[in-house]
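Participant: In the order they appear, the protein sequences are chains A and B.
If you want our numbering, it's the position in the first sequence, counting the first as 1, plus 312.
If you want our numbering, it's the position in the second sequence, counting the first as 1, plus 312.
Worth flagging that the hints you see were computed from the coordinates, not collected in a lab.
Predicted, not measured: the structure shown is a model, and the values here were computed from it.
Each hint should be verified, as a subset may be incorrect.
[Stated by the list, open to error] Stretch-level coverage of chain A by chain B, calculated; a stretch enters the list once three of its residues show a Cβ under 8 angstroms from a Cβ in chain B:
| no. | region |
| --- | --- |
| 1 | 413-425 |
| 2 | 467-478 |
[Claimed, not checked] Under the rule of at most 25 angstroms between Cα atoms (straight-line distance), these lysine to aspartate or glutamate pairs were calculated in the DMTMM-like manner:
| no. | chain 1 | residue 1 | chain 2 | residue 2 |
| --- | --- | --- | --- | --- |
| 3 | B | K595 | A | E559 |
| 4 | A | K573 | A | D420 |
| 5 | B | K436 | A | D420 |
| 6 | B | K498 | A | E760 |
| 7 | A | K630 | A | E559 |
| 8 | B | K595 | A | D817 |
Just so you know, even glycine gets a beta-carbon here, dropped at the ideal spot from N, CA and C.
There are 2 protein chains.
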Amino acid sequence: MTGAETLVRTLLACGVDTCFTNPGTSEMHLVAALDRSPEMRCVLTLFEGVATGAADGYARMTGKPACTLLHLGPGFANGMANLHNASKARVPMVNLIGQHPAYHLQYDAPLHSDIAAIAKPYSKWLHTSQRVAEVGSDAAEAIAQASASAGQIATLIVPADVAWSESGHIGEISPPQAAPLPPVNKIRRAAEMLRSGVRTAILVGGNALFGRGLEVAGNISAATNAKLYMPYPFTRLRHGAGTPVIERVAYVLEQATEQFKEFRQLILVSATGPVSYFAYQDKRSQPTPPGCEIFTLAEPGEDVNGALNLVAEAVGAKNSRSALAKSERPRVPSGEITASGLALAIAATLPEEAIVADESMTSGRGILAATRGCAPHDWLACTGGSIGIAMPLAVGGAVACQDRPVLCLTADGSGMYTLQALWTMAREGLHVVTVVFANRAYAVLKREFGNLGIGEPGSRAKALLDIGRPDLDWVSLAHGMGVPGVRVSSLEEFAAALKRGYEGDGPSLIEVPL
Amino acid sequence: MTGAETLVRTLLACGVDTCFTNPGTSEMHLVAALDRSPEMRCVLTLFEGVATGAADGYARMTGKPACTLLHLGPGFANGMANLHNASKARVPMVNLIGQHPAYHLQYDAPLHSDIAAIAKPYSKWLHTSQRVAEVGSDAAEAIAQASASAGQIATLIVPADVAWSESGHIGEISPPQAAPLPPVNKIRRAAEMLRSGVRTAILVGGNALFGRGLEVAGNISAATNAKLYMPYPFTRLRHGAGTPVIERVAYVLEQATEQFKEFRQLILVSATGPVSYFAYQDKRSQPTPPGCEIFTLAEPGEDVNGALNLVAEAVGAKNSRSALAKSERPRVPSGEITASGLALAIAATLPEEAIVADESMTSGRGILAATRGCAPHDWLACTGGSIGIAMPLAVGGAVACQDRPVLCLTADGSGMYTLQALWTMAREGLHVVTVVFANRAYAVLKREFGNLGIGEPGSRAKALLDIGRPDLDWVSLAHGMGVPGVRVSSLEEFAAALKRGYEGDGPSLIEVPL
Numbered sequence: 313m314t315g316a317e318t319l320v321r322t323l324l325a326c327g328v329d330t331c332f333t334n335p336g337t338s339e340m341h342l343v344a345a346l347d348r349s350p351e352m353r354c355v356l357t358l359f360e361g362v363a364t365g366a367a368d369g370y371a372r373m374t375g376k377p378a379c380t381l382l383h384l385g386p387g388f389a390n391g392m393a394n395l396h397n398a399s400k401a402r403v404p405m406v407n408l409i410g411q412h413p414a415y416h417l418q419y420d421a422p423l424h425s426d427i428a429a430i431a432k433p434y435s436k437w438l439h440t441s442q443r444v445a446e447v448g449s450d451a452a453e454a455i456a457q458a459s460a461s462a463g464q465i466a467t468l469i470v471p472a473d474v475a476w477s478e479s480g481h482i483g484e485i486s487p488p489q490a491a492p493l494p495p496v497n498k499i500r501r502a503a504e505m506l507r508s509g510v511r512t513a514i515l516v517g518g519n520a521l522f523g524r525g526l527e528v529a530g531n532i533s534a535a536t537n538a539k540l541y542m543p544y545p546f547t548r549l550r551h552g553a554g555t556p557v558i559e560r561v562a563y564v565l566e567q568a569t570e571q572f573k574e575f576r577q578l579i580l581v582s583a584t585g586p587v588s589y590f591a592y593q594d595k596r597s598q599p600t601p602p603g604c605e606i607f608t609l610a611e612p613g614e615d616v617n618g619a620l621n622l623v624a625e626a627v628g629a630k631n632s633r634s635a636l637a638k639s640e641r642p643r644v645p646s647g648e649i650t651a652s653g654l655a656l657a658i659a660a661t662l663p664e665e666a667i668v669a670d671e672s673m674t675s676g677r678g679i680l681a682a683t684r685g686c687a688p689h690d691w692l693a694c695t696g697g698s699i700g701i702a703m704p705l706a707v708g709g710a711v712a713c714q715d716r717p718v719l720c721l722t723a724d725g726s727g728m729y730t731l732q733a734l735w736t737m738a739r740e741g742l743h744v745v746t747v748v749f750a751n752r753a754y755a756v757l758k759r760e761f762g763n764l765g766i767g768e769p770g771s772r773a774k775a776l777l778d779i780g781r782p783d784l785d786w787v788s789l790a791h792g793m794g795v796p797g798v799r800v801s802s803l804e805e806f807a808a809a810l811k812r813g814y815e816g817d818g819p820s821l822i823e824v825p826l
Numbered sequence: 313m314t315g316a317e318t319l320v321r322t323l324l325a326c327g328v329d330t331c332f333t334n335p336g337t338s339e340m341h342l343v344a345a346l347d348r349s350p351e352m353r354c355v356l357t358l359f360e361g362v363a364t365g366a367a368d369g370y371a372r373m374t375g376k377p378a379c380t381l382l383h384l385g386p387g388f389a390n391g392m393a394n395l396h397n398a399s400k401a402r403v404p405m406v407n408l409i410g411q412h413p414a415y416h417l418q419y420d421a422p423l424h425s426d427i428a429a430i431a432k433p434y435s436k437w438l439h440t441s442q443r444v445a446e447v448g449s450d451a452a453e454a455i456a457q458a459s460a461s462a463g464q465i466a467t468l469i470v471p472a473d474v475a476w477s478e479s480g481h482i483g484e485i486s487p488p489q490a491a492p493l494p495p496v497n498k499i500r501r502a503a504e505m506l507r508s509g510v511r512t513a514i515l516v517g518g519n520a521l522f523g524r525g526l527e528v529a530g531n532i533s534a535a536t537n538a539k540l541y542m543p544y545p546f547t548r549l550r551h552g553a554g555t556p557v558i559e560r561v562a563y564v565l566e567q568a569t570e571q572f573k574e575f576r577q578l579i580l581v582s583a584t585g586p587v588s589y590f591a592y593q594d595k596r597s598q599p600t601p602p603g604c605e606i607f608t609l610a611e612p613g614e615d616v617n618g619a620l621n622l623v624a625e626a627v628g629a630k631n632s633r634s635a636l637a638k639s640e641r642p643r644v645p646s647g648e649i650t651a652s653g654l655a656l657a658i659a660a661t662l663p664e665e666a667i668v669a670d671e672s673m674t675s676g677r678g679i680l681a682a683t684r685g686c687a688p689h690d691w692l693a694c695t696g697g698s699i700g701i702a703m704p705l706a707v708g709g710a711v712a713c714q715d716r717p718v719l720c721l722t723a724d725g726s727g728m729y730t731l732q733a734l735w736t737m738a739r740e741g742l743h744v745v746t747v748v749f750a751n752r753a754y755a756v757l758k759r760e761f762g763n764l765g766i767g768e769p770g771s772r773a774k775a776l777l778d779i780g781r782p783d784l785d786w787v788s789l790a791h792g793m794g795v796p797g798v799r800v801s802s803l804e805e806f807a808a809a810l811k812r813g814y815e816g817d818g819p820s821l822i823e824v825p826l
């Protein structure tokens, strides 16, 4: 058994059965091993940022790692921006990178680079397999590391001679250890804070936002009058009718500051303290008021749901019931396209158990609120602020959950970063309805320029913030990659296009000019 | 004067007047400073790999650095694959990256990352401006470093508070020091080798491939019977009628081994020793025969042309004349599309002083040879083997040389990596004729799989090497980004489309299905 076969069989034995890839010559023995392993689903992408973003989406929906197979240092580098997002999402992921054999490195071949240095910043665990006898256990360790601490990025570099040599041994992983509870004094302190009568907020993130955790947090909120928030950037939210009501921290610093102004205590549950995306001259970084005590109840790697249960018990929330979103659905709107109308159209049509991959930064701010009463669904957000995540996330979500429709919300600026994802949607026949809000601008940046306090942008600055001249024609772009697309000019056309997309079984794209 | 203004004015004072960018909020003060600096040409790209590849192309054609302005760690990461190519091309380049102020870093904002760690592998010089008083001198140092040692990548990280603070001082650079000659014993040794009667090859790279160096190398070759080679990956070649005849080392290891088999001595001139792109089981890494002496006459940072002149003198090549390519041009071919016919069509139509950005790995192998007799022109190749360079290089070449037509040769696989470049071509009205050889496959990889000695790829491997299903429609993709495109089905159609492209003054695209 070659090292490459050992690696693939170890992955499969440990439950990693999906590979997002764009391989090269240095990975060709791994491709040959994959060729003989029909249990592994291989998904080809035309750019590595699609592969890493898809692995993120896959992990968010399954809770387990996919692997990526990337070509040397530049291949990993192409995937890095979405690895940034994945690292902030705290998802499990295993990256495999080919490398030249050690004896070849001295010649500085054109594709030679310091792969370990390139991979280090976004690999919580990083290792190079030194010999074929170890590649199986190395792969098992990568999977174990990926699954540790709520989920993290593990990267294994595989030299070509390790891949082609014979006599590998399949690696094994021990069953994962249960996440530890936070220390008992933390539970006690949180309960004290909640019973103190001081105005308190709870910021819930990570995997507490889907499954049982959010409900318990809601019960605590109901019992103690603490206000429930979730971060603006979140990994996955169970959303819709019957799910606990929770407010999202605003993206805009001034709005977030307004949200937190009455609170003197903030309890963090699998979340970091709220912070402005960017720093501004003469403004504070944090939206919480000065003097607000920020207390971490549970870190992401801890037993977050267990901690919430203990706190609920301590504050006597056993019989309290979280406020739950009521089932309600707006009628299909009509007329001119407006931001609120778009949100209503999405709410009016969203299917039960849809997965929403959302990167509609400026155009889509009202959509999450509008869909609160829809049938239950899952929502995936951009966790790291690096644009170009929505379409790759949608690919990963659709591969993970083949029986669930995916709604992908993106914009023209962010969409152009990883538009190659559309081709993978077409090839794999993924049921993704991609909506491109085409505002012909980096709208976030236009607003930010206004915040500088130096007046309106001049023509040269505008040229760097507008992406019109020429306008991107997303229907043509989608057609070029095998995805049928349509441009809509009214809300009823938009809603009809959404419905057609959900009723179909392959990908489609809707361009919404704004 | 703010730090941002200081930075921009320092760049301009030091001759850096072109900026390829995709900025974000942390760079907004720099955008505001650019807004007030009409002397700086700002070129917006929709993906940072286009910006860095364009800066590479610009530097190859002007010999001086452009700057890039990139958004935090992920923005730099998106540009890294083409920085890999640029680092192998040894071109000067200055990257500017925004960063949060130091006081903001502690909160781990979503876009926070270890920018220095991310930038390090591809930055020969890397520095973070600590205060506004130093940003001018930091920028000047970045430019000086970029121009050192033939050309290298310098990266300056600019925290937002340094950019927005007042009281910067414009930096200055000293005139660059002349490149040093190699030690005299190297000149002597090279001359001895050339006069020894032992069969000798000279491998010429770097800036010796355009301008006077290649001619002198040709004269040495004529006087000593040494054979002249250039590396397969080269930065820039002056090519066409009247230029010295030089043979390119083959991409395929077996072919390169055949080229070198008779040589017992190899003299390197601004080039590294020839090496296979990849390692193969049971094959040597180097194409030169065992025992072949490999001697470096001059490193890229040295006075390569001066060294060649001294060697020419020492071997008595003063009155020898290099073999020069004869002026000849094939007739426009007709009929079915074949690899050799495509090369003839390009040779039959290539305008004088064209710039060719070439990444036609498998489909275009015959084109360089076919254009040897065309009117003089410049040829830019992929230096680092990371795909997705041709269209960005073409953008940079066209921005650098606005009166010269650019022919961009790419393929469907490589083109998809940075197709966003088409939009920048349209916006800037760049005179680039892009040819996409659409073979619906990663053809290089199919051949490499065959080399494994394990037979033909099975259906699952084929699925990772083919990029059909669906076929990419490049005419639609180009249309979507504002570039007129055409698909051709015969050689006469191809030649006619090329001619129309050259006669126009904006971008165009030709898809050639293979």
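Participant: Work down the list of hints and note, for each, if the structure agrees.
Facilitator: Against the structure, the hints come out as follows:
no. : hint              : verdict
1   : 413-425           : holds (count 9)
2   : 467-478           : holds (count 3)
3   : B:K595 <-> A:E559 : violated, 62 angstroms
4   : A:K573 <-> A:D420 : violated, 58 angstroms
5   : B:K436 <-> A:D420 : holds, 16 angstroms
6   : B:K498 <-> A:E760 : violated, 58 angstroms
7   : A:K630 <-> A:E559 : holds, 22 angstroms
8   : B:K595 <-> A:D817 : violated, 49 angstroms
Figure legend: structure checked against the earlier numbered hints; hints not met, in rising order: 3, 4, 6 and 8.
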